[in-house]
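Going down the list, the sequences are from chains R and P. By this note's numbering, the letter at position 125 of the first sequence is numbered 125, and the numbering carries on one by one without gaps. To convert, count from 1 in the second sequence and add 1000; that's this note's numbering.
Derived from the structure by calculation, the hints contain no laboratory data. These numbers were taken from a predicted model, which means no experiment stands behind them. Think of the CB as a built atom: it goes at the ideal place given N, C-alpha and C, for glycine as much as any other residue. Check the hints yourself; a few may be wrong.
Stretches of chain R that chain P covers, calculated by requiring three or more beta carbons in the stretch to come under 8 Å of a beta carbon on chain P [claimed, not checked]: (1) 36 to 47; (2) 62 to 74; (3) 100 to 110; (4) 118 to 126; (5) 137 to 148.
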Amino acid sequence: MKLTINGQTFDYAGDPDMPLLWYLRDEAGFKGVKFGCGIAQCGACTVHLNGRATRSCVLPVSAAEGADITTIEGLADGETLHPVQEAWIEEDVAQCGYCQAGQIMAFAALLEENPNPTDEDIDSGLTNICRCGTYTRMRKAIHRAAALRRGEA
Amino acid sequence: MDGAPVTTTRRDLFRYAAASGALVIVAPLAACSRRAEDAAGVREAQSSAIGPFVIINSDETIQIAFPNPEMGQGVDTALPMIVAEELGADFDKVSVVQMPLELIRGEDGEITWKYIAQGSGGSYSIVGRWDGLRQAGAVARELLIAAAAQEWDAPTGEITVEKGVLRHAASGRETTFGAVADIAATLTPPTEAPLKPREEFSLIGTPQKMKNARAIVTGEAIYGIDAEVPGMTHAVMARCPYFDGTALRVDDSAARAVPGVIDVVKVDRPPHGGPYDVQAEGYAVVAENTWAAMKGREALNIEWDHGPFADESTASFKAHCEELLQGEGQIVRNDGDLAGAFANAATTHEAYYWQPYVSHAPLEPQNCVADVRDDEIYIIGPMQFPSSANRAVAAKLGRDRLSIKVDITRLGGGFGRRLSSDYAVEAAVISDAVRRPVKLLWTREDDMRHDFYRPSGMHHLRACFDANGDMTGWAHRLASASKYYRRPNLPETEYWKAELYQDDFPAQLVDNLQMEYFSAKSGAPRGSWRAPAHTANAFVVQSFLDEIAHERGEDPLALRLRILGDSRDLTYENHGGPTFNPGRLAAVLRLAADRGGYGAPMAPGRGRGIAAHFTFGGYVAQVVDVEIGDDGTLRVPRVVAAVDVGTVVNPNGIAAQLESGVNDGLSTALRLAISVEGGRVITGNFNTYQLMRIAEAPPEIETHIIDNGDPPAGMGEMGLPPLAAALANAIFQANGKRIRELPIDDQLRA
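Looking at chain P on its own, in the form it has when it is part of the complex (with noise of 0.2 Å):
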């Protein structure tokens, strides 16, 4: 913000700050609340001060700062619309720029953020920042009417604001924000300032590109990968392959004799079923460069006991999740009378699906710059929530939080990874330990092998209809190894929590219904993957929704839509709770049907398939078109998708997004399984963990959305979850090959 002086002294008035023409304008912001936010280790603060900046330049340009982080999910565009949609700003004008992490200690001693919540995760980027953007925008356009009613002695009601030009209408006056900017910052903002009807909305609801498209074209976007500080050196890291393995010899002669090898140095493994500050023991390379670092790590020798899980592979956990199975585990959810149902019923159905480990793989590999002195320390790297490394790092070193500068940068993809600040701990150590700043890279293999993967799991489903052909019995059982684990307090009877979700579809609209979750034991370090384990339950239960259709000789989209009746509110106490309506999942199960072609009938060999969820407040349903060959290639020409997302920011955005995580669903569904052998990962590198290319993806990929005007949801997780169901059930159609188990790998060439 070019050292515009931006300082709040008191919460809960507003400032200003005039600087060189510039107005910067702090606001403060409603309360935001949210329970996920609790990850980023900064406590839920109500009232607190905050602000978003807006900068408006006497030449008329506006810079308007985002407060997440960006890693392709489009906020650094998107929030910046909430902002000058209520300024009544040009958007042509408007530049963006990343706000840098600003914490604050409150009056009860508590870190807090400064001006507003700064994490990106859980889809709640739009959703969290909504009410205070708009705030922050209106504020700033009040300013200016003010400015310009003092100048023409005119009534501030009698004044208009549309694309940075105030009018008074009754004198025939105008003037621009950049012609009154100096005096605006002159004045007392007001404690509240109105906030336009949606129907006045010109600028959210249109669609933008992104702002920082020529930064990318042109290679001149700084991901954490091209932050440098001075003097910096260069790390990379030998980590323990196996889970919770511990060195038992360590000879770092030859490494230290590599030319450009500063030092050799070790980051302790985290305790042994404890929380993971960092992912494993390891010994950094410190060198002058990057290269001289990876030849320094190729020469350690070093020799790993292979740690409490050593008999575990990819087949063993499989084993382990099948007997679980066979047993009797937590039912976490009983609605009904589920044996009543199923002794009753006149059709019973059952299935299992199984789910591998799936790595995140941003493109960008963990890294990290830390630069650790005395009194104060520097971070710089790609995170999503740079506030958990701020914490991170000031538990690891026993600093104080406040003393602990930590910058944001573009990321080269997050999927959840970057929640975890694992890179920056282990970056600050490092640093700490050589007294110079250091850049940590992680390669590929580092990144794949020392993931936080998607949990693994089998699922059992059973599902029964009565003679009328209603479903009056429903059950979702799973064994999997959950991703809440190894954190302080929690016991293993809450693990199911983070697996399965209590008010997913169908519950509620069943009348017996059980989930029953078994925690299943490994070593493989779990994290939140896009839209975490929505991805698993939404393949399962759209699948042998699927499944069941057919079994009874009904349509698919026919069984989903009586089953999930009319427009009403539920209860959801998940993922964008607190109400889930049924009845908006079947319109864009409708809506997708409709401009998808679905029920048409097919040519041999292919196939359409539906499927929808809801997940993070918003609703999608995807058709998806097969082609499968005689030799069973598969190809995918086309996806029409529907989405209600409450109100539409920018439908840009929202089309990319989903075309992302259709992508990303067809990418993870094809090929993408990370396998585990003599307790440690095997999968490495992008030759055997496969990602699509772009002659696989679909050329076609439609996005048609509803917007009833709804509060906002997020994006960029729920185009995800429907694509795999959807996708199986059109090889079904197509050939009659049931997929239950991922990925398909060479599942159709049998």
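For reference, chain R alone in the conformation it holds in the complex (with noise of 0.2 Å):
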């Protein structure tokens, strides 16, 4: 099957139900991708088929033929820095920094859907797992990030 990632074409013959998590780290080499639980409740898996938030832990890599897949490793524009990624380091949410790039991920797709979420779209948005507990950072990011992308900031 032939895999789109980060706008790069990707052959695979291999087993069609291995999830997509972990055809992106031992087979495709996207390592940004983090393997958190395995049964799509933290979040660290996080990456965008056709521009949706999606846990790939749970899903198989023959599901996401044809699909427009982005890891974090795709997310920034060359140097520039996707305004998302450009908040968590403003507001330094990161802590271990583990499932960040999940977080980052969710959100990223969360604000192409709402430019302009309100602390409850973030709270029902927003269901990925953070052990260190950035959680308030991670707020005052969102909102800056969601200025930056309407460029008020």
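Need the complex rebuilt from these two chains, each delivered in its own frame; the hints are there to steer you.
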């Protein structure tokens, strides 16, 4: 099968049941995509499938055939970071950082659908786990990212 | 360090090396003394040779190596700040790099640190590296000054340094670090360099953002799980789910038939009752990729016996603790005459509290790469004490420790779990068997069911007051399964030391005080969990104080303050000793109360609670606001904290760790417990171990810092212990419900 990841095309002839997460990490080398739970609970493995935030640990690689897959490695535009990445740096969100790629991918997708999220939208739309507890800064960064994206900051 | 020749041949001398325009400085550091570093298996070295690195490039960029593993606690920025301060560097031009683990064999034949201690734990990175890293930075600065002095034929004493620029005011000349670095590299380093007085600090104490933020948000940061070596295979293991159990029958034929599976390897269990070199007996499926290894594991057919703890459950363990508390335990502290105080008391107070087992659950599950060869071993993985992994692998495979190279990655969380090296030992055993490099991956279920849990236990608290209203008696009785067990030469009479800290508040503040311990039996492995027993004890003690105050009709803050009294040093032999100053605890209580609006009238269903604790040399008080809906829904809109950890290196890092402690404490108090049934842990993933998500996290957390210039303490752990008590005290104010068992779970819905 052919897979399109961050604009590159990959050929894969292995087990079609392999979760997309493990394909991305072991086969295609996109290690920014993280393994946290394997049951779509924590969101560390979040990637974009045709722009939609998707937990890749439970999705068979075959289900991603033909889709545009974006990983954290493909979120920035070259050296220009995505507003969410920018805001994450500005608010100094990360601690261990392990969940943050998934958090950023989840929120970047949410922002496409809802450019001006309220706190309630954040509460219901973002369910990724951060074990370090960076949520308080994350919320600030989310609002900052929304403002950046609207060209306000 | 780009192959720069950093070598030491003799101790106690400064060394230098010039490499392609780079100045590398290796400085000896004062001896680091710390009991907890015994855990690393590296003997304490007096005056050992050591050295953090400084590389100055001709383009004025500077690279500073941080020696301790980074797991989110911010040492990758704070430790280089200490070096950069003394160096006089422009911190904006500093990049940071993890220093690899460096061990040497000392003159007495023992393995010791080559440059500096390299473990992360016990909130000790700042405390332990403070003197040495300052000296390293100062030596580098003196060399650069000497180089400029030589260039200008000026006295070194007349040259000043600021943000990477050297100046000689008398002649009006100036130059940069980069311009003189190559000359500095040829000079003989001074044997001692003067340190800046605190008043001259211009970097330490200023808020700095994390240096590695960009690598994290772009997915480029390398964690253990991302490490690779050529020819690497992948392994997952089926471990015996039953405490100390073993396999009765193993059929691996189906597993071996899974495409991509290379081999199945047995890893022996640790000896019954003996130290854990690994966690449990297990069978590793080695495969070409992770997924094949997982499928292979599913195809394993293993019948396990249920082990010596087959009848243990959460309920049975609780009943066991309750029963123990009916009897008499080991009196581990006995001040004054407790019975007499109670006999003469005007009022008495009593309560029981329960703490469950909790799991570390770092978001990056355990993993490790091992490449075992005939004459050398390479290990890379996420470890708080990579030197422990070196020692443990050496012991397991009978190798010389210096033939084992251990590299440090960033850690996807630690929380104490990665003080243990069991996963490194497993990886080494597997690689040794298959003679190929192996990356061992634990799944989430493996991680949660084979943790070293924060001990569970039941606490019985009693206090009494005399007719004057003074607290005259305090008794803390605890039945728990200690984390100090299965250790060589450690009798059960010592188990209490990890669970009751004999100098903890209110010891020495009340004349008649007893601490009594009951060593409960449990098969669940136990270990150090962020702020270990302080999390349990601060909840219990600070909640009970609140109960007492309400029963007495006294304000809970006022009660604390009058027990604490004025500033003075008391003996403190536990974490963060040797002294504890109750006046500093009172000061953070007052500050948090003031900034948090403590004592203001609250609307129905709202509460504001306060608690404080001293941990690892740090003093933290927290004011927690709660709103409780009619249906019992709990919301925490705001937490205000005051922190005194002495001299602050990075206030931004202090705030981050405080926020982390608050959110960790809240998450744990709300819903976290490990359940045991039939001699095994049944909680296995985040669907049943429900870590808090953003919706429940306080949108506002304020950190107020007191910095009186006392010696620095760390900040990794002390943000956590007061939280659960301040929360419970707020809940009581909001709706009159007293939380005596954690987690809170659905107790508010009753």
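Evaluation of the provided hints:
1. Counting residues of the stretch 36 to 47 of chain R whose beta carbon lies closer than 8 Å to any beta carbon of chain P gives 7, which meets the minimum of three for the stated coverage.
2. Proximity of the stretch 62 to 74 of chain R to chain P, defined as three or more residues with a beta carbon under 8 Å from a beta carbon of that chain, is established by the 3 residues found.
3. Residue count for the stretch 100 to 110 of chain R with a Cβ under 8 Å from a Cβ of chain P: 3. That meets the three needed, and the coverage hint holds.
4. Under the rule that three or more residues need a Cβ within less than 8 Å of chain P, the assignment of the stretch 118 to 126 of chain R holds, with 5 such residues.
5. Counting residues of the stretch 137 to 148 of chain R whose beta carbon lies closer than 8 Å to any beta carbon of chain P gives 3, which meets the minimum of three for the stated coverage.
When held up to the earlier numbered hints, the structure conflicts with none and fits them all.
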